[in-house]
Amino acid sequence: MNRPAAVAVRVLRRPLVLLAVLWLLLVLACALHPELVTGRDPVDQDLPAALGGPSAAHPLGTDRLGQDLLSRLAYGAAGTLWGVLVAVLTATVVGVGLGLLAGYLGGVVDALVGRLADLLFSLPAIVILLVVVAVFPGDVTIAMLTFGLLLSSGLIRVVRAATRSTREELFIAAARLAGLSTPQILRRHVLPRLRGLVIVQASLVAAIALVMQASLAFLGFGPPPPEPSWGGMIDEARMVIVRHPWALVPPGLAVALTVLSFVLLGDAARDGATAAWATTKLARRRRRSGRRRTHPTVPAPRHPTGSAPAHPVEPAPAGGPGHADTLLSVRRLSVQLPGGPARGARTGTTVVSDVDLDVGPGEIVGLVGESGCGKTVTALSILGLPPGDGQLTGSCHFAGLDLVRADDRQWRTVRGRRIGYVAQDPMVSLDPTLRVGVQLAEAVRRHTGLGRRPARARVLTLLRDVGLPEPDTAARRYPHQLSGGMAQRVAIAFALAGDPELLIADEPTTALDVTRQAEILALLARTSRERRLAVLLVTHDLGVVAALCDRAVVMYAGQVVESCPVTELFARPRHPYTRGLLAADPHRASRAGRLPTITGTVPAPGQWPTGCRFAPRCPLATESCRHAPVPLDRLGPAHAVRCVRPDEDRVAA
Amino acid sequence: MSGRPLLAVHDLVVDLGRRRSATRVVDGVSLTVAAGETVGLVGESGSGKSTIARAVLGLTPVTDGRVLIDGVDVTHAGRRQRRALSDDVQLVFQDPFSSLNPARRIGDSLVEPLLNRRGVDPARRRVLVAEALHRVGLPAESAHRYPGQFSGGQRQRIALARALVGSPRLLVTDEPVSALDLSVRAQIINLLADLQAELGFGHLFIAHDLAVVRHLSHRMVVLHRGRVVEAGDAETVYRRPTHPYTRALLAAVPVPDPVRARAALAAFARQPPPAGPAPDLGVDPAADRHPTS
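If you read the protein sequences in the order shown, they are chains W and S. In case it helps, full-length UniProt numbering puts the first sequence at residues 1 to 653. In case it helps, full-length UniProt numbering puts the second sequence at residues 1 to 293.
The set of hints was computed from the structure by calculation and includes no laboratory data. Watch out, some of these pointers could steer you wrong.
What the hints assert, rightly or not - Some, not all, of what chain S presents toward chain W, calculated at C-beta under 7 Å:
hint	residue
1	E44
2	L91
3	G119
4	P122
5	H215
6	H218
Backbone N, C-alpha and C fix where the C-beta goes; we use that ideal spot for every residue, glycine too.
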């Protein structure tokens with residue numbers, strides 16, 4: 001595979017970067033063969049034309065002595081680039097080398113290198129350089145070597161920090177266990193991770209070195225006068241700045257453009273070098289689609305034209321006939337992530353399609369499925385927070401509102417007050433810098449309008465309700481001082497702060513140990529019963545569903561495939577996917593031995609089959625399954641299944 | 001079991017942290033794994049099960065006790081000896097995402113256990129990598145792709161291929177299926193069993209899920225706060241746990257059966273709430289059985 005070429009193509013596709021590369025190539029060409037750019041000798045004095053502007057004879061004008069500015073620029077490029085090269089090489093070799101050693105080895109080496117970096121950092125660069133050029137007058141190489149060394153302190157620090165964090169990665173441990181030596185690990189695993197960082201740092205060093213070199217020449221420490229140098233040209237121009245300001249333009253512009261080009265190229269090279277692995281395909285697609293923020297409430301077509309709704313038109317919101325006992329009623333909810341124009345004709349990726357879902361007051365409904373099936377996206381979309389700028393279609397009736405079309409003001413009365421949310425990782429919902437009690441009190445006051453003191457009392461009640469034995473102590477703790485189980489209890493207290501009617505819990509026990517999980521499940525069951533709180537529980541664990549839920553909604557590849565009371569789900573599962581999941585559960589298998597499996601994996605959004613989405617993995621699939629989408633059929637008053645052969649009992653072997 | 005075991009851990013003690021504030025994470029654990037045998041190490045977080053794995057592999061210094069691999073004491077093996085050991089012992093981590101370097105192609109990661117081996121030239125390495133990929137059910141061209149292009153289940157297959165590419169005699173897996181989805185989890189469990197039948201390695205299998213352990217293991221060792229509380233035939237421990245902690249652990253796992261799961265949850269809810277952050281399920285350390293295996 002021709003990788004460097006591919007990287008180059010990727011990098012050059014940006015117009016600004018292309019310009020930067022062309023400019024640097026021009027400078028390089030001047031450095032190598034200035035006679036190709038200009039026919040004039042840089043020290044040739046054309047006195048009659050002194051201090052002239054651009055003309056046919058002198059395209060960039062002349063200086064005080066009538067020397068051609070273009071020629072002097074071209075011949076000065078070599079010294080300039082050489083200086084930059086010396087500085088960049090010195091800084092990179094010293095910085096990366098010492099940074100790697102310090103970061104990977106740690107201990108004494110780290111301490112010594114750290115002190116050295118501090119020392120280099122604290123030395124006044126310009127004073128040191130002036131000393132050096134005084135000792136070695138006119139020697140650009142030694143000056144830039146010194147400057148590169150001084151600049152390496154920054155590189156040492158960033159490389160050390162990046163190495164330290166990389167060292168803790170599991171793949172480093174894996175490489176060690178594979179028997180690799182330390183140099184091998186550094187070369188194979190640590191250096192590739194640092195590539196982007198080093199490229200950017202090197203480009204910055206190049207830019208700074210160029211400016212510093214010009215400054216030295218400007219101060220009169222460059223090459224002796226007749227010899228051309230960019231800094232010297234600026235110094236020359238300074239002397240005549242009142243009479244002939246133009247003379248400053250060519251060298252100034254050359255320095256500025258070169259500095260800019262270094263930085264642009266550095267950024268682009270970093271992106272190019274890491275693009276192959278830095279992001280997943282999906283993330284890249286999303287990034288390309290740009291950052292336009294489409295508000296989820298943008299009215300969107302309700303139904304794709306041409307396909308008649310499979311369900312009766314939605315009745316009037318809550319209170320309407322037939323929905324008296326429904327708190328949340330989701331109909332034909334679809335979520336589409338924006339697609340990028342770079343990805344061809346596809347306008348976007350549908351990640352959830354036509355989900356129907358009901359939750360009654362006080363009812364616990366399990367939303368079951370594997371990762372990638374859209375259960376979390378569904379839950380977040382009900383809250384009006386679809387990930388990745390997703391667009392919602394369909395309807396979502398809750399308490400007299402269609403949440404799909406609710407505006408910010410309406411959301412303020414719903415989120416937290418009427419619908420609470422519990423995430424899988426409790427730490428994401430807790431601010432690490434505030435004590436638990438303070439955060440909770442804030443939420444209580446916001447949702448209920450209580451004063452400071454009553455809110456404080458309510459916080460303690462909430463903490464006691466979620467089973468924290470010493471609410472006073474717990475309220476004074478910071479989130480990091482809580483154990484996982486306690487933190488999840490606090491997160492539930494948070495969700496209950498506004499006394500909601502519906503709690504959406506996304507895998508609330510997945511990160512916990514089994515005994516902690518049992519406690520949280522017991523807490524959810526009790527809370528739901530005591531407060532008549534409805535719960536929409538997102539989970540992949542069928543055991544959790546069995547323990548807690550009244551009804552279950554099974555999702556596969558963005559669709560609801562089965563929906564029924566929990567007792568039915570376990571006693572008479574009808575969809576082959578549900579059956580397969582149940583059979584593959586080691587807890588269900590009657591004896592030790594081979595587990596029945598579902599072959600293959602869940603297809604990614606955008607790769608769903610046109611017919612039944614489970615057909616490629618289904619042991620019962622026939623040709624008819626693959627032709628057309630399968631509707632969600634009602635088998636009874638409370639049981640719906642998306643399968644054309646729901647009565648076949650043969651299970652995946 | 002005949003002859004000496006492949007892995008023998010004697011009275012292992014591991015303290016983590018600096019001298020003053022060190023905590024005893026593993027406290028006198030003994031266990032053995034024979035060739036061709038799977039031993040499940042079960043416990044909750046903080047029980048010390050992962051630390052035992054790290055100690056066996058030399059990723060964590062051992063405070064006291066001995067680790068023998070094929071009769072050779074490797075408790076305090078140096079860098080050089082450890083690198084030689086990598087031919088015999090390999091590890092699969094729980095997290096299939098961070099255990100593969102995202103910046104390196106699959107083939108580059110897979111080849112690593114072979115890099116420092118004598119007599120394996122690059123052509124032979126390629127063959128072995130392709131074989132390893134095939135064994136775990138992935139196409140050979142996966143070697144040219146980056147980890148970011150694979151799902152969690154596929155990555156765990158890749159991690160397994162990397163561990164097995166050098167034909168180790170002992171495989172240690174730390175929660176290899178916990179991060180996977182249900183249907184994929186069953187595939188990997190079966191794959192582990194098939195590979196063991198084919199290659200005959202000894203397998204120290206670490207997990208928190210008793211049902212999974214029972215499925216895959218011949219014997220089971222239950223850990224609680226760094227001590228072995230119960231050990232024995234996997235099926236027997238699962239069906240007739242004798243230690244109160246094992247029983248509590250089993251009772252806490254919600255089974256996919258509404259009647260039993262609800263009854264268990266109700267029983268669990270009747271217990272008094274926990275007193276502190278660490279679980280205390282009536283285990284008296286003095287009453288711990290130290291079974292001999």
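Quiz item: Taking the closest Cβ pair, is S:H215 under 7 Å from chain W?
Solution: holds, 5 Å
Exercise. Using Cβ atoms only, decide whether S:H218 comes closer than 7 Å to chain W, and label the hint accordingly.
Key: violated, 9 Å
Quiz item: When the nearest CB of chain W is found for S:E44, is that gap smaller than 7 Å?
Solution: holds, 4 Å
Practice problem: Answer holds if the nearest beta-carbon of chain W is closer than 7 Å to that of S:G119; otherwise answer violated. | Solution: The hint is violated - S:G119 has no Cβ within 7 Å of chain W, the shortest such distance being about 15 Å.
Quiz item: Against chain W, is S:L91 within 7 Å by beta-carbon distance?
Solution: Because about 5 Å separates S:L91 from the closest Cβ in chain W, which is inside the 7 Å limit, the hint holds.
Practice problem: Could you check if S:P122 really has its C-beta closer than 7 Å to a C-beta on chain W? | Solution: violated, 15 Å
In terms of the numbered hints stated before, the structure departs from hints 3, 4, 6, listed from lowest to highest.
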